[in-house]
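Asker: One line per chain: the protein sequences are B and X, in this order. Using our numbering, read the first sequence as starting at 1 and increasing by one per residue. Using our numbering, read the second sequence as starting at 1001 and increasing by one per residue.
Just so you know, not all the hints are guaranteed correct.
[Claimed, not checked] Keeping only pairs whose Cα atoms sit at most 35 Å apart, straight-line, the calculated DSBU-like set for lysine-lysine is:
hint: 1; chain 1: X; residue 1: LYS1257; chain 2: X; residue 2: LYS1274
hint: 2; chain 1: B; residue 1: LYS21; chain 2: X; residue 2: LYS1274
hint: 3; chain 1: X; residue 1: LYS1257; chain 2: X; residue 2: LYS1198
hint: 4; chain 1: B; residue 1: LYS21; chain 2: X; residue 2: LYS1198
No wet-lab data here; the hints were simulated from the structure.
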Amino acid sequence: MNKGQTEAPHGAELAISRILKAGVEASLFLIATGSLLSFVQAGTYGSLPSDVARLTGPGGAFPRTAAWLAGGIVHLRGQAIIVSGLLLLIATPVLRVAASVVAFALERDRAFVAITAVVLLLLLASFALGGFV
Amino acid sequence: MTPFVFTLVVLAISCLAGLLGSLVGVGGGIIVVPALTLLLGVGIQKAIAASIVSVIATSSGAASSYVRERIANIRLGMVLEVSTVLGALTGALLAAVVPVRGLFLLFACILAYTAWSMFRRPTARPVDAAPDRLAERLGLHGAFYDRSLGREVAYRVSRTRLGLAVGYVAGVASGLLGIGGGILKVPVMNLAMGMPIKACTATSNFMIGVTAATGAAVYFMRGEVLPFVAAPVAVGVLLGARAGARLLGGMRSDAIKLIFVAVLVVSSIQMLLKGVR
């Protein structure tokens, strides 16, 4: 149990590194594609100065609903694609922590399974708590 | 300004913020929030929400290579994450009740602190301290291969409890203001906990993705993350930071640092005025 970082298995580090890279690249692609679609699709971003006020002002709260997001993705609506990319970006570190829990469990490092599990629970709690305030 | 021009302007500002930030060693959020609020009139809550999402992108990208090259101390990072994530949750929930004026004033303070910490010469020497029992028991000591020295650097970690406390404060700042918080953690990890500076920045980056995701989750669920604003910020900051990392090889100019400090000072004064007016 009392081992330094250099003795940790390299497989877990490689997995963590890959999750982070893949998550960032995929979300970047979704966000960029969604933005382009939002300009092309009629009635989304628009082309008037007053549209900027509408898009940055209050009342444009996101996410609207899970159904809005799912429907938007199915119909390839720009803003829904962007939101899915932003969600994937936020989820990437969560996946990284989840992978760490598994890695430490395989090592049978109980203290670190507990520590990483606490971090994972706090991350998931932040999604839940954010919905209440 | 049409939506298309607005997007291009935000993309350009974010790209520049990411580029400058990576050249001087801070995240882009510290510039993006003042630029969005002061120059483009975006609400500070929406600007902070967009910034915190971009922080995930840059730190995860950097952490990916730090982890692969084994410079980041993963075990220590995981332990300190417990407190930074708790702090970020506190900060992001506080942001819902802190008045807008208060956010401007706090942001002015963090800008002034960042400017000061970049300007002072690093005269302080790391304090020698015995490794604490917690670090011993959890096996937090580390080692990495330093390419510029051409040898393995091993180090022992001390004052883990202090690190946890500072991590909490950095987490609150991250959740409340949409920044990474490395500017608060790195000096303590380096000077008080006895870690080499490369291990400090790598480990801090590794942790910031998780810290920022906590804050971002709260802002997302509150509906503050606007796709129209957050999309160009995330793409711009990430591309700028990548270009900066590539440029970093040769240039380490004091002029860039000076320009950056000037931008921070001007933004700090402007944010202060917004807060008191």
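Asker: Confirm or reject each hint.
Answerer: Now the hints, each set against the structure:
no.: 1; hint: LYS1257/X <-> LYS1274/X; verdict: 26 Å, holds
no.: 2; hint: LYS21/B <-> LYS1274/X; verdict: 38 Å, violated
no.: 3; hint: LYS1257/X <-> LYS1198/X; verdict: 19 Å, holds
no.: 4; hint: LYS21/B <-> LYS1198/X; verdict: 21 Å, holds
When each numbered hint is compared with the structure, a violation occurs for hint 2 only.
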